[in-house]
Structure formats: structure tokens, C-alpha cells
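**Q** Numbering (our numbering), first residue to last: 2 to 216.
None of these hints come from the bench; they were simulated from the model.
Incorrect hints may appear among the rest.
[Stated by the list, open to error] For lysine-lysine, the following DSS-like pairs were computed, each having C-alpha atoms within a straight-line distance of at most 30 Å:
id, residue 1, residue 2
1, Lys12, Lys24
2, Lys201, Lys141
3, Lys103, Lys16
4, Lys24, Lys103
5, Lys144, Lys201
[Said to hold, decoys possible] Using C-beta positions, here's what the derived DEER-type ranges look like:
id, residue 1, residue 2, range
6, Arg140, Asp194, 31 to 39 Å
7, Cys197, Leu81, 31 to 39 Å
8, Ile86, Glu17, 24 to 32 Å
9, Ile119, Ile88, 34 to 42 Å
10, Pro171, Arg143, 23 to 31 Å
Beta carbons: idealized from backbone N, C-alpha and C, even for Gly.
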Amino acid sequence: MPDGFYWTTVKPLLKEVLTILMKHDLFQPFRLVGGTSLSLQLGHRMSDDIDLFTDAPYKIIEFSAIDRALRNEFGFVSDLPPVPIGIGVSYFVGQSQKDLVKLDLYYTDPFMHPALEIGPYRLASVEEIVAMKIDIVQRKARKKDFWDIHELLASYTPAQMIAHHAHRYPYGHDEDLIRKNFTDFSKADEDFDPICLRGKHWELIKLDIVQAIST
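Using the sequences plus the hints, can you model the full thing?
**A** This is how it looks when you write it as C-alpha cells:
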């Protein structure tokens with residue numbers, strides 16, 4: 002891990018695409034968030050998409066210029082639907098239609114902490130991702146999100162995670178709902194297991210999470 006990231010958690014194409022984007026001037030307001038950002042920092046599971054968020058003021062980002070830049074950089078870029086762009090856009094990008102990475106570019110609430118910057122890469126801090134993961138829990142998490150939360154339990158208690166969410170999302174924070182959904186695995190049970198690099202098993206992950214939120 003010479004540059005500080007666990008690159009074994011992503012495919013070479015994702016690293017290639019991310020590197021191109023991080024070096025491009027138009028993407029300077031964005032930082033990598035979500036499961037891929039967490040996997041690159043913690044090394045616990047494989048991740049396969051790129052979520053780039055910005056807290057720039059709404060309508061500041063020139064999505065038309067970004068679209069042109071993507072088409073100049075990559076051999077294949079999926080078409081956007083013919084509707085006005087709201088809070089962001091989603092693409093599939095790659096050098097050919099047979100090998101693609103999903104790319105999301107979205108506005109978000111103001112970040113709590115500066116980005117982690119190593120070389121050309123800008124990643125949301127782990128604390129920032131904790132808050133975002135708990136926001137997903139509040140809306141019912143998928144299996145990969147619980148996998149991430151289980152990894153985070155090595156460093157944060159559920160109470161600390163919930164506090165990070167309250168800090169980042171003060172107006173949408175609902176602690177009772179978060180605690181209820183912390184052990185609601187009904188949606189997640191239907192998902193495929195992520196490729197885990199720690200040898201973890203889903204049923205044991207659920208037991209650990211239930212125990213953690215109960216203490």
C-alpha cells in the first residue's frame with residue numbers, strides 16, 4: 002500500500018478511471034465517498050463503483066462541461082436521459098462497452114471534515130462516510146452497507162456513529178428510526194454477499210451488529 006490505499010479492493014479499470022477523474026480540473030470540487038472510498042481506506046471488501054460528491058453551491062457545477070470531458074477521456078460513456086439535471090448524474094464509463102464502471106456525480110450536504118488527500122486522490126474522511134452510512138441505515142441499508150458498518154464497529158460504537166450522523170444531518174436525523182433499522186436486515190437478506198477480504202460471514206455480521214446496538 003505505497004500510496005496509502007488498498008488498491009486490491011477495486012478492479013484495475015476502476016483505479017484507471019478514478020485516477021483520470023481525480024487529475025482533471027473539472028473534478029477538483031469532487032471527492033470519493035461511499036463503499037469504494039471506505040474499502041480503499043480500510044481494505045475490508047471489494048467495491049465496484051465510483052461515487053463522487055461535491056458540497057459546492059447548487060448549480061455551480063457545469064455538468065455539460067463534465068459530460069464533454071468524459072467523452073473526450075473514455076472510449077465509451079453512457080448517454081444521459083433527456084431530462085434536466087437536478088442534484089446529479091449517473092454514467093457508465095470505460096474504454097469499451099464491454100468493460101465499464103458506474104460513476105455517480107452528485108451534490109451533497111456540506112462536508113464536516115476536509116478531504117483525505119494523497120497524491121491526486123481526494124477521499125471523504127472515514128468519519129464522513131460513517132455519517133453517510135448511518136443515513137443509509139435510516140432509510141434501510143443493503144447488505145454491503147451493513148458489511149461496512151460491521152467493519153466500522155472495530156473503531157466506532159453505534160452511539161458514536163449516530164452522533165456523526167446527527168452532526169452531518171441535523172435536520173433529517175431520527176435516532177429512534179436509526180436504532181430500529183440498525184437491526185432490520187429484511188432488505189439486506191435478499192442481496193448477494195459482497196466479496197469480503199476478511200473472511201466474514203453474513204449471519205455472524207448480523208449477530209455482532211445486534212449485540213453492538215443492544216449494549
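**Q** Please go over all the hints and tell whether each is borne out by the structure.
**A** Outcome of the hint check:
{"no.": "1", "hint": "Lys12 - Lys24", "result": "holds (19 Å)"}
{"no.": "2", "hint": "Lys201 - Lys141", "result": "holds (21 Å)"}
{"no.": "3", "hint": "Lys103 - Lys16", "result": "holds (12 Å)"}
{"no.": "4", "hint": "Lys24 - Lys103", "result": "holds (18 Å)"}
{"no.": "5", "hint": "Lys144 - Lys201", "result": "holds (13 Å)"}
{"no.": "6", "hint": "Arg140 - Asp194: 31 to 39 Å", "result": "violated (21 Å)"}
{"no.": "7", "hint": "Cys197 - Leu81: 31 to 39 Å", "result": "holds (34 Å)"}
{"no.": "8", "hint": "Ile86 - Glu17: 24 to 32 Å", "result": "holds (26 Å)"}
{"no.": "9", "hint": "Ile119 - Ile88: 34 to 42 Å", "result": "violated (28 Å)"}
{"no.": "10", "hint": "Pro171 - Arg143: 23 to 31 Å", "result": "holds (25 Å)"}
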